[in-house]
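Novice: Protein chains in written order, with the working numbering: chain Y, 1 to 388; chain P, 1 to 388; chain Z, 1 to 388; chain G, 1 to 388.
A couple of the hints might just be wrong.
Copies of one chain are not kept apart here, so a pair can be met inside one copy or by any two copies together.
No farther apart than 27 Å at their CA atoms in a straight line, the calculated lysine-lysine pairs in the DSSO-like style are these [claimed, not checked]:
1) K31 with K208
2) K31 with K116
3) K208 with K321
4) K208 with K116
5) K208 with K102
6) K321 with K102
7) K102 with K116
8) K116 with K321
9) K31 with K102
For the record, the hints were derived by calculation from the structure and aren't laboratory data.
There are 4 protein chains.
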Amino acid sequence: MTLPAAVLSQLETQTIELPSWAFGNSGTRFKVFATPGTPRTPEEKIADAATVNEFTALAPTVALHIPWDTVDDYAALGRFAQDLGVGLGTINSNTFQDNDYKFGSLTHTDAGIRRKAIDHHLACIDIMDQTGSRDLKIWLADGTNYPGQGDIRGRQDRLADSLQQIYARLGDDQRLVLEYKFFEPAFYHTDVPDWGTSYAQVAALGDKAMVCLDTGHHAPGTNIEFIVAQLLRLGKLGSFDFNSRFYADDDLIVGAADPFQLFRILYEVIRGGGYGPDSPVAFMLDQCHNVEDKIPGQIRSVLNVQEMTARALLVDAVALKAAQDAGDVLGANGILMDAFYTDVRPGLAEWRESRGLPADPMAAYAASGHLQRIAAERVGGTQAGWGA
Amino acid sequence: MTLPAAVLSQLETQTIELPSWAFGNSGTRFKVFATPGTPRTPEEKIADAATVNEFTALAPTVALHIPWDTVDDYAALGRFAQDLGVGLGTINSNTFQDNDYKFGSLTHTDAGIRRKAIDHHLACIDIMDQTGSRDLKIWLADGTNYPGQGDIRGRQDRLADSLQQIYARLGDDQRLVLEYKFFEPAFYHTDVPDWGTSYAQVAALGDKAMVCLDTGHHAPGTNIEFIVAQLLRLGKLGSFDFNSRFYADDDLIVGAADPFQLFRILYEVIRGGGYGPDSPVAFMLDQCHNVEDKIPGQIRSVLNVQEMTARALLVDAVALKAAQDAGDVLGANGILMDAFYTDVRPGLAEWRESRGLPADPMAAYAASGHLQRIAAERVGGTQAGWGA
Amino acid sequence: MTLPAAVLSQLETQTIELPSWAFGNSGTRFKVFATPGTPRTPEEKIADAATVNEFTALAPTVALHIPWDTVDDYAALGRFAQDLGVGLGTINSNTFQDNDYKFGSLTHTDAGIRRKAIDHHLACIDIMDQTGSRDLKIWLADGTNYPGQGDIRGRQDRLADSLQQIYARLGDDQRLVLEYKFFEPAFYHTDVPDWGTSYAQVAALGDKAMVCLDTGHHAPGTNIEFIVAQLLRLGKLGSFDFNSRFYADDDLIVGAADPFQLFRILYEVIRGGGYGPDSPVAFMLDQCHNVEDKIPGQIRSVLNVQEMTARALLVDAVALKAAQDAGDVLGANGILMDAFYTDVRPGLAEWRESRGLPADPMAAYAASGHLQRIAAERVGGTQAGWGA
Amino acid sequence: MTLPAAVLSQLETQTIELPSWAFGNSGTRFKVFATPGTPRTPEEKIADAATVNEFTALAPTVALHIPWDTVDDYAALGRFAQDLGVGLGTINSNTFQDNDYKFGSLTHTDAGIRRKAIDHHLACIDIMDQTGSRDLKIWLADGTNYPGQGDIRGRQDRLADSLQQIYARLGDDQRLVLEYKFFEPAFYHTDVPDWGTSYAQVAALGDKAMVCLDTGHHAPGTNIEFIVAQLLRLGKLGSFDFNSRFYADDDLIVGAADPFQLFRILYEVIRGGGYGPDSPVAFMLDQCHNVEDKIPGQIRSVLNVQEMTARALLVDAVALKAAQDAGDVLGANGILMDAFYTDVRPGLAEWRESRGLPADPMAAYAASGHLQRIAAERVGGTQAGWGA
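Make a model of the complete structure from these sequences and hints.
Specialist: Structure, rendered in structure tokens:
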């Protein structure tokens, strides 16, 4: 089946940012399994990301994580990336691995530690100035493990103040995106646990502050596409961290656990005007490839997003609205399901070939011998990981 | 143990509003078990509520549900209540039992049905004018059962418009409180599923619109006291619908399922300035007594809230702050637990007696023979229930 | 795409039993919406089920629910069904709507009430003798709402004794299938809450007792296909009650909420030898069409099962095993996903036509005018429902 | 309040085994915070456990984890422990940290790796012979992250075979206890995810195989006390791993998250004959002290179990049964709650003093300066941790 031209033209501009840390080793508190070929440096991570883009033309930028990707010369790193056909994207701060942050960072009761955490974010913005990044993404591990351990209310007030200081430093074309997470690593309360909190905090900051929605950061049963619709309506959906989960924040490949949910999310993004080159909504991956190969894991992920976007673009919006207005429950649901069940893969393969890309990027990558090559080359040194 | 005078003086002003419908029959989709003595009229429900107040001095007002409690003369109903020592409280609207509302009420695509739903709320405000009620509580069953059945985004926009029309009709001393609910009776999406949505909607309305937090309306694992703290911080916590749950919206007796959670909630209410006669936060019950006796079920409920408030008032806030600031996790937690584990029941019994109340309201009610009396008297007619 | 002959031959024998009560009105504790054309009698329910079978050739039997489907002459009812091309199937007992069962049935502490509940099941077996039904399905509402209300352990022992008495009455070709359910209508504890309990109870009874797995009766996040694999391995998977859910026991159309889960379940059924005419595993629907039309709702449901079975049959088992043995995570997952994403609908449409069936049963039913006809004919009388 | 002698005499024999690993550093995948004084050797862990016992007289044994606690001479280790007043208890196997086990251990498709995992367990039994331990506890990380990655059914069959080989090696007085876990570190399927699986597997082995119930290893909303009652009824509850959780397997201090749940669990243990010196049920802790001090964290934990056991022993079983039989829901619940709300702490303090123990072990430990002493002494070396 050839896909409609209107769908293909919308797919043409799709971009999905890759996280540099997805190419490093990751795991659980029980074990991190290392694999041959894992990058040792930010440059090698970027090279891997560029490889994903080479096979898919879907991932033109790489997000950095500070301090995991700290380098002396970010301009040089940007040129390195550019030479490989990709750019540097979102800067992710990290205030969860320094001993000082055991009891909080932007929410800490100790003024000195809170200052340190704020300063780290200002330093991240300095890096953004050098990399030309638009977004500073803030995910906080702040929270408590036991009732009474911290003052929930006071922490929220300090968070607001800290964010205000960070926000004030943003350049005109820079944004702050605040991610929320239901739980982990804190097990009783999390300082930004839900979209409501993230929304209330960024709404207080101003137009350059937005919400980041990580698809794995919700309570069981949460209707995520509703949140997408609501945040778009409120003008505050800044970006997605895509991944999938069966239980908690499993960080599996996006679309792997509940493909229909991914379809519904993407449909609602499109419905709400969040899709396309002019949209403020950035698509990113945030995943862990604990047991599968990392580069093909990322290729699989961007393809999943692309395929599901194609299905969501196929929804007959006019017929759907008519069925909805008529109270035709089965008819309306059927229109949505018809798009979901359409096999867009042959059409996408054909289209990829027409653009000089491999019809089947997974097979092409496997056949390329790239994984074997980097495994042979990248010997010695310390493999990248979370450094927990 | 005699409770500290400072605690007792704060308990003195505590009031918990009773829902008239708690005295009617309720159940599940599988079965509603009727019991002898169940009220047949709004007046009999009010009489039952007055009985709860008589034994506890905790429940001076009764919330009405329209149309379940529709009468010809609300002024007369108010006088009837007053004669029994109670007042009429919150007015609850109902747009979930008319066939027109099968696919929505304030969110409906059909302008006529939406108008009807808005008008119902205006009629409720008319009643409030007669009863002197402050609060109009809106809980919506609006939502869909299947993906695609409705347009999530469009429904939210229509909801905002409907609420605006209702809000405009409020008197100076009247409030609109918007309740949220995770799911049920809609099983795919709910139009007001979480505090974030309720907050965003009422924030758009103005100062007289607040959020109603029903303790049973959250996703599994949700930290409710965090929401309490956040809404108080945002100045938008209008009222509580107290009940408890193990699974979904079980509507069990408040404090029955997780007493420690109730303690944490009440602590955070106090911490955030939400407790006391000057607070804008109203305490209400919203429960179903499916298998237990209703009047003692309500007595048990208000006592649970009172006892847990006493424990929460016992928290040594100064010591707690010191432990929190020192990063003393076990110490801070221990201070909270010390209050929770304190047996306040003897002290409350003593205090009740000093105020001319029964030391043990449950035992006193059982000994009063009241239940047997109303069972004998209330013969014939149609027992009140949800009329589903 | 034409489906492989090996797949079509396996689909040829697929049967899915319909529940008579799916054609009656259903709803939530908040509201039951009635619809024109709803059956008034067991005969009309059977006629509706026969209509589903007429359009799909997938549903040759109807399950009855006693007492909802009580008639004087079951042999006559069987002939009535036969004349319409369908047979009578599983008999479902009901011990949740009599006032005596407020605190339990097969688990009740009162010997007389427990006797009554056992006798009801014996009467159901009498009916089975007349209808020629193989299966007695027992789902119990037994449980408690409050800690302490009942003695969990004693109730389990009485359940075992009651089941033993019922089991003893089974004929040689009859079976008892025991359904489990996580919660509802009981909200603290359920006497058969999980597959382990159902398994332990039926294992103690003997070979004619099996477990019934209702896909909506699990805790959030439960891996249902694991339970399928385990019960097949233990030789105790007797039947499925298919439906779907987003939150609790939503009883939505099977496959509507998480189609990929349905695929995984059906794959594991096939993998474990639970599929086919010689399998002991019976496929049934157990759903509520609260807001959608009932007959097309059932047609949609059996088509969903058929389509998903076709996808599961397409899995390349040899390639899958090779990838699994090689530790090729992405490869193995890809093989499964390839089958899932295959659009089997055109192939099934073609095949249906070749068998004299409508290519698109949903469209054919809509075009038939049947719903309008029964709405016009079925006037007066009392529409069937749960009678709660 | 002085506690009844009957309660005190039952408390006298209470023992709670401590996990050696609770004294090592632990954390999340994001960060492990090290603390001064953390043990470097198995001996230091045992010394810390002995300290907990010294202050509480509740923890006379320590569980070992192999290989984390591997030593050359287990007899010498046993004598070392004995000199400190404690004994060596359960041996825990570990097949989740060797690279070979990336895709499974006792369930692996590769015969050699499976053999290695079996042999590890046989080696653990060799250690048990030397330490005199009764129990081999098996918790498996085996599972998969993606649908299709593994063959669920085949893995279960291999598990059964592996367990059989291990079971055959047990001495007459030794037991195998099989723990189940809902998820983590595997995120799609776990090979022993629920009590039903653990029960089915150990039932197939024989009388010396039992189930281990970790209180944090269940789906949200699971009624754990029901499982306790059921396993006791089936004669298969071997041991508890106590901890608490708000979300997933948070491994918080037992009783910290939901004290009422702990009460209900302990009540059901007592009710089912699982409490006391003659019971086959072993009480153990399995916790992580990520942010709180470890030794006082363990003291707090055993005290929580002791206090809650005292409350559970206070339940008036005769009155409870009478209320249950009478269908007196509020009465029965009230009897349970009365015990729960009783403040047993003063009575326990008094009783501890009468036995030569500190009235308040937490305060006594804090005053002892022990933590400061070991922090000063234990300098250099590598602190114990999970070594992930």
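Novice: Have a look at K102 and K116 and pick one of within, between, both or neither, based on CA distance no larger than 27 Å.
Specialist: Within. Shortest intra-copy distance 13 Å satisfies the 27 Å Cα cut-off; inter-copy 39 Å does not.
Novice: Measure nothing new, just compare the shortest in-copy and cross-copy C-alpha distances for K116 and K321 to 27 Å and report within, between, both or neither.
Specialist: For K116 and K321, the Cα distance is within 27 Å only across copies (22 Å; inside one copy 52 Å).
Novice: Between the shortest in-copy and the shortest cross-copy C-alpha distance, which are at most 27 Å for K31 and K116: within, between, both, or neither?
Specialist: between (31 Å within a copy, 18 Å between copies)
Novice: Please sort K208 with K321 into within, between, both or neither, judging by C-alpha distance up to 27 Å.
Specialist: Answer is neither; intra-copy 33 Å and inter-copy 35 Å both fail.
Novice: When Cα atoms must be at most 27 Å apart, do K31 and K102 count as within-copy, between-copy, both, or neither?
Specialist: both (22 Å within a copy, 9 Å between copies)
Novice: Within a copy, between copies, both or neither: where do K208 and K102 come within 27 Å Cα-Cα?
Specialist: Classified as neither: same-chain Cα gap 29 Å, cross-chain 41 Å, threshold 27 Å.
Novice: With 27 Å as the alpha-carbon cut-off, assign the pair K208 and K116 to within, between, both or neither.
Specialist: within (23 Å within a copy, 40 Å between copies)
Novice: Please work out whether the CA atoms of K321 and K102 approach to 27 Å or closer within one copy, between two copies, in both situations, or in neither?
Specialist: between (51 Å within a copy, 18 Å between copies)
Novice: If the cutoff is 27 Å on CA atoms, where do K31 and K208 land: within, between, both or neither? Let me know, please.
Specialist: neither (39 Å within a copy, 31 Å between copies)
In this structure, the hints that do not hold are numbers 1, 3, 5, in rising order.
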